[in-house]
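Fit chains B, C and D to the known structure of chain A by using the hints.
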Amino acid sequence: MPGNIKEASFDALVIGGGIAGGEAALNLANNGFSVLLVEKDLSIGGKMILLSKVFPTLDCSACITTPKVSEISRHPGIKIFTRSEVTHIVKRGEKLFEVDITKKPRYVAEEDCTGCQLCETACPVIVPDQYQYDLVGRKAAFIPFSIASPRVAAIDIENCTLCGACEKACPPQCIDFTQKEEEYIVRVKAIIIATGFNLFDPLLIPRFGFGIFKNVITSMQMERQLAPTRPFNTILRPGDGKVPCKIAYVLCTGSRDATVGNPICSQICCMYSIKQAQLLMGALPMADVTIYYINIRSFGKGFEEFYEQAKGMGVNFIKGKIGKITENEKGDLILRYEDINENRLKETEHDLVVLSVGSIANHDAAAWFSDGELKLDPFNFIYQPDSLASPAKTSLGGVFVAGTASGPMDIPDSILSAGAASAEAISYLIRQ
Amino acid sequence: MPGISIKSARILVFSTEKISDPAIDMAGLLKLHYPPTVYTITVPCSSSIKPKWILRAYEKGFDGVFIAADGSDCPYGETCTEKTGKLVQRTHEIMKEKNIEPARLKMAAICSVCSESFVKQMKNFNEYLLKNIS
Amino acid sequence: MAIIDPKFGKKLKKYGAYEFDACYNCGSCTAVCSLSTEEDSFPREMVRFSVLGMKDDIKSSLKPWLCYYCGECTTYCPQTANPGELMMSLRRWLITIYDWTGLSGLLYKYWLVSLFAFLLAAAGVLVFGYYNDYNLESLMHYGHLFEMMAIAGVFAFILLPNIIRMWYFVILKPGLKISLITYIKDFKELLIHMFTQKRTLGCDDSVRRWFEHFILVISYLTLLFVTVFLNWFSTQYLFVNILGYVVSAVIVIVTIDFIIDRIRKKKEISKFSQPSDWLFVIWLSLMGFTAMAVRVLIDTGLLEKNVWLYLIHLIILVQWALIIVPFGKWTHFLYRSFAMYFAKLKAG
Amino acid sequence: MNTKIGVYICHCGGNISDYVDVEKVKQAVEHEEGVMVAKTTIFACGDANQQEMVDDIQKNKLDSVVVASCSPKLHLATFQAVAERAGLNKYNYVHANIREQVSWAHSDNKPGATDKAIKIVRSAIARVRVAEPLESFSINAKKAVAVIGGGIAGMKAAIELSSMGCPVTLIEREHFVGGHTAQWDFLFTSNETGKELVTRLYNEVAARENIKLYTGAEIMSQTGSIGDFRLKIKITPRYIKEKCHKGNLQKAIEACPVDVPDEFNFGITQRKAIFHNFPSEYPQIPVIDIKNCTRCGKCEAICESIDFSQKEETLEIHVGSVLVAVGFDPYTPAEGEFGYGQLENVITLPQFKRIIDLNDRSLVYKGKKIRDIAYVYCVGSRQPEGDNKYCSRYCCTSVIHAAIQVKKKFSHINNYHFTRGIRTYGKQELLYNDSLKAGDIYLQSYEDDPPVVFSENGKTKVKINDILTGKKEMSVEADLVVLVTGMVPRENKALNTLLKIPRGRDNFYNEIHMKLRPVETVIDGITICGACQGPKNITESANSALSAATKSYSYISRGELSLEPVIAKIDEEKCTWCGLCAEVCPYNAIQKGKSGTKEIAVINDPVCKGCGMCLPVCPYDAIELNSYTNREIENMIDALAG
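Residue numbers (my numbering), protein chains in the order written: chain A, 24 to 455; chain B, 17 to 150; chain C, 56 to 403; chain D, 277 to 918.
Hints in this document: simulated from the structure, not taken from any laboratory. Some hints here could point you the wrong way.
What the hints assert, rightly or not - The calculated EDC-like cross-link candidates involving lysine to aspartate or glutamate, where the alpha carbons are at most 16 Å apart (straight line), are: (1) D:K349 <-> A:E94; (2) D:K665 <-> A:E331; (3) B:K68 <-> D:D914; (4) B:K139 <-> D:D384; (5) B:K76 <-> D:D914; (6) D:K280 <-> D:E308; (7) C:K114 <-> C:D60; (8) D:K665 <-> A:E328; (9) B:K76 <-> D:E910; (10) D:K349 <-> B:E33; (11) D:K748 <-> C:D60; (12) A:K203 <-> A:D179; (13) D:K517 <-> D:E589; (14) B:K23 <-> D:D391; (15) C:K62 <-> D:D648; (16) A:K114 <-> A:E396; (17) B:K102 <-> D:E859; (18) D:K739 <-> C:D60; (19) A:K334 <-> D:D724; (20) D:K748 <-> A:E365; (21) B:K23 <-> D:D384; (22) B:K68 <-> D:E910; (23) B:K47 <-> D:D384; (24) D:K739 <-> D:E723.
As the list claims (entries may be wrong) - If you want the footprint, here are the derived chain C segments under chain A, 3+ residues with CB under 8 Å: (25) 73-82; (26) 129-143.
Positions of the beta carbon are idealized from the N, C-alpha and C atoms, including for glycine.
In isolation and in its complexed conformation, chain A is listed as follows (with noise of 0.2 Å):
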């Protein structure tokens, strides 16, 4: 149906809504050049929004995330567009790509929702919601969580029964089951991609029984159980909603490990572990925390104190890493590792164990450009070619790379990136 096919034209697209993209996004605006920021899921904000507090600083992820966040929403130089996914990009010449977009319906009328969120009430489905990761539901009509941007709510269609309560519900009435895909074909002068990364998948080692024993959980479901929008009010394990007391942290799971296809280090595991303890230590006084690490990676300005912060605190860390997990009777697990130190095989029991995964990359981008155009390091991040001089240029011209799309990074790392890739492609603009 291509007389449906819309067009529009912008400077820049950024593609990937997190913080990398929203830097980037706002460096440009903030500079004279319209950008359109597509982000392929409900929310912009990307992983940070979601995360609790943020070493070295402890300070709220959120607090740091939202305005950013809203700031580029409010932006007249940016145009968001959510639930959208590129499907092709093509370099027609300097400075001009072609790109298509697939718009997907949120079946909620953007500019009408208030976020009121009496659809959601009443919604009578209940599937696990992917924002708190799985650790409790939500409903197939709802807002992503609360502090998304745009605060909109959504039909989740696939698991919606149509049953037509939300639209019965909603106050200005912007429920529209009617919306259909659109398609964009937009042309740009520069790209950035801030694809971002992936989590580690933990169900690929299946001796440490993530998915098998209910009280091993991954990072970042633990993150959120820290986070000011957090789903419990407390921290609990999922087994049996215990408050849990022995919590391990198993460093690694997924990165310097060549047997999971990822033998790099992820980077941020060592330091949101101990940023975890810290505020595991903080909520649940009583509880003893481990780390069970290689090595620890508290590098970057401020780490090596905070790493230092958690000892005093009395956070546990033991040089060795987990071979195996098993679960007993009572639901705890029993960790076998070789303590380094003492050059002996142990085994210790916790109630909660938690799975620092690590970063692996998100390859989307490449396959957008046709024929190995956008070139990817052995790893599938994207490539740098000139990685020490200008880290943003990608193996094409125009297209600029920012965060962990070219490899693992923490936030302050990911920002100076998208600041570097936003420089490059304001220059590459302006250039004659």
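Just chains B, C and D, lined up with the frame of chain A:
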């Protein structure tokens, strides 16, 4: 209807735009309840509150004044806590002179996500004021 | 103060260990190993000793023998440092260290020496046959005599001294004090492990492997007994004759299965094969096969006309008894059993 | 005084109206003084209502507006924009929060909530009644940037700014650009050498007409503020006009009788008083080190370009923003720290890198052939006791890379790493793997039990209680001990005093906020990047340099800066200049000034951030903050109390 018959103290809260205000907002978002006679005036930084404003509140009938300070999160620098502390101290002195119970002025750091702590503070302060002042 | 010797690691590579220096000491191997215990934690410690070249510590350790190579450490090693194969290489290296003659070392390190030794043994048999005019009776007579002498000689001059050396390295030199009563009391440990290899069962998925190995060892020992002491090739007893057939058939079937595994390289344990491993299984297989063939010809009365077959059997036998048994992989059978015995002694 | 006020009370689709009787609120406030229009609306933020507000304002000539709805965090800007669309000043708009702080917080007490909502709306009306229109003021911003520091970060930032069409003055203290990168051979992640990278960037810099590079230049003074900085620069001459004729330079250098330690090689070699760093150094003109020159005149006789008459120059530049990229110094171990300065074969990592570069066929140091090299990690970093508690981030990767290079370049090298836990984060992990597979030996000690470097029978040895081997004491006899030194902030007292950029516990320059404003400093208009901000590798420096370039550029790209009018103002009559306000101001925005003959405090408007810290300290109540004036606050207090 609960709540109507229960009398609550009138509390004026000075909160800050970037730090404690979001926490108070979030208390509402999380439907955490506190006495409805708590009113908020927003200022840029807790160290910018003039003692005479506080005194005026008592004059006009407020039972208590609560300063929701920035603490170390203040965007205007770390000296904020110390400066706010000083102005509270000074106000306490004037209050003594004027025979106003100094405990009617309270200060505590409320970080941008300290909703629970804010609500707790309000409840305790309210109880205290009801018991000791009016 | 231990001195670091990086050359040792390079030397160890000749025994089949290639990747172990990639180890970053996470301890996964020790943690996934089902035989590793709090008292005896391995293989990481052995990997570490190997990287640093701490020969004396390896020499005095029984841990290489406590490993039965299920391969899980290798499967889960995040650095693909192959600790399982390192343990295997250490066993090879230890065999050469225990061997007072030093010949094991030559055979392990230089395949040309092995080839030469095998050819020499074959030539010796042929020369011997020539001087006996390829007379079957005489050949079989001397063959049987050789079997008995070889067993006695190899045991007395090679294996026994080597076991004593092993005892010296792991018990005496580290200064362990063990009473005679303990030696006597724990002796059953040696026999149990020698005849059952039950420790293999501790490896995770190894019932089949243990069973194959178990019946192979029993069949091998029975075949030895049947041929040497019951003189299978000359016996008139039907039971003994059938027993000989059964055990040699078992040997052939099991070894062929092992060879197929080594060719397929699907299991961790059969992925990396050194010449010594190939020689061991193939020669054992040939032993069983040729012995059976010889007896078939005897039973059909065709051996007189096919003396060459007996000669081939004899060549295999001589190579087996003089090279593989004293200096090759055969000895692991002995050292493993003694290692379990010594471990029990050390544990007190 | 505003007398035509419009008040809009939002239902928020039930979010408010379910708990607050909005009609009652409307009735309670519609007769307040000055209220001309009072309405309730289902969705105040909806397009339809926004249009209605614009119409109301224009039709009734309203002079101010109050909307009572959700938190101002959500929609303050929305309604300010509505006010502006209707031709009102946005400071004549006041937002009342009756959702988060009323209907939701008191959903358990509807009458209480309604009562509170009434008071809040009244206080907003009372405030808007005395609200004054404010104009955000704009100042001219000079469209030029000064970049201080000509290392990788500085050059990269300069190039990017120049690409954005912004003139740049690049100021380098040394006589050659490239910083420490120029001293390195092969760099990690590429097969490029440090020299090649510096050459590449220098050629870019030189090709740009809008970059003016000064070497041997230092900042003498700095005045002004964002948009309008004036820097005085002192430029020391090279005493050489241009390149000597072919070959003559080498002769002139050879003729020089002076020998001083060569900083470029970290003192492991000597240089002359006339010198250059390496064949492709930039700018490609040698320098006479005038401090050490004896003026013997021998070089002058050989090379016609030498010119001792060159004079020190000072010049003033005018820029809108200053970008600081002054880099780091390698940590210098103390005398005796791991044998440094006492054992002759104990050197630092930077020295080691130079030795690899300077040797060709075999690795020789002080006449001795090197085979066994021990690397002692975390020297000057992660010190449990001492100043440098931080991790220097780059050193693990850097030393492992050097160890791999030295094995590649020379034969029979054995590497022994005495570490405190390897931190090859991210993709750098691969390098660690390579080094392990190349047979490098790694040992590890506890934080409080570092390795010991000692001399025994004339041999240098390193011993360690290796936690990877059950704490066994292990030792190595080393031909060379390399102390893996971290980064410390570059010694630059003068600049620190001039720019007043705050520094952190680690002594590096501090950004405002690591995540929100990672390259900005509390001094508006001054950005920081590269290793002067904290240890960074080259890629990370480049990223921060580009970020800082973007930020500096956005300050000035429009040629003018618009500043928020919410700033302090002085009541000249009341003020007696006691100086208390100036003392508490964290931004130095208050100075002594004059009104006629009277000494008073004067606010430097562009510098004031509007925090209000000066308000309560004034003994005469002579300071007010725009939009938080006494009248506004007191009106609100009165209304809330009422």
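Task: K334 of chain A paired with D724 of chain D [C-alpha distance capped at 16 Å] - done: 14 Å, holds
Open item on the list: With the threshold set at 16 Å, check whether the alpha-carbon distance from K102 of chain B to E859 of chain D stays at or below it.
Closed with: Holds, at roughly 14 Å.
Open item on the list: Hinted pair, alpha-carbon criterion (16 Å max): K23 of chain B, D384 of chain D. Please report holds or violated.
Closed with: It holds: about 14 Å lies between the C-alpha atoms, which stays within 16 Å.
TODO: Quickly compare the C-alpha distance for K76 of chain B and E910 of chain D to 16 Å and report which way the hint goes.
DONE: 10 Å, holds
TODO: Would you check the hint for K280 of chain D and E308 of chain D, treating anything up to 16 Å between C-alpha atoms as holding?
DONE: Roughly 11 Å between the alpha carbons, so the hint for K280 of chain D and E308 of chain D holds.
Open item on the list: Using C-beta distances, would you say chain A covers the stretch 129-143 of chain C, given that this needs three or more residues below 8 Å?
Closed with: holds (count 6)
Task: 16 Å Cα cutoff - pair K68 of chain B, E910 of chain D - done: OK: K68 of chain B and E910 of chain D at ~9 Å, within 16 Å.
TODO: Given the hint that K203 of chain A pairs with D179 of chain A, test it: the Cα-Cα distance must not exceed 16 Å.
DONE: 14 Å, holds
Open item on the list: Tell me if the straight-line CA distance from K748 of chain D to D60 of chain C falls inside 16 Å.
Closed with: Holds, at roughly 15 Å.
Open item on the list: Hint check: K47 of chain B vs D384 of chain D, CA-CA at most 16 Å. Holds or violated?
Closed with: 9 Å, holds
Open item on the list: Checking one constraint from the list: CA of K748 of chain D to CA of E365 of chain A, max 16 Å. Satisfied?
Closed with: Holds, at roughly 11 Å.
- [ ] Would you mind confirming whether the straight-line C-alpha gap from K665 of chain D to E331 of chain A stays at or under 16 Å?
- [x] 9 Å, holds
Hint compliance for this structure: no hint is broken.
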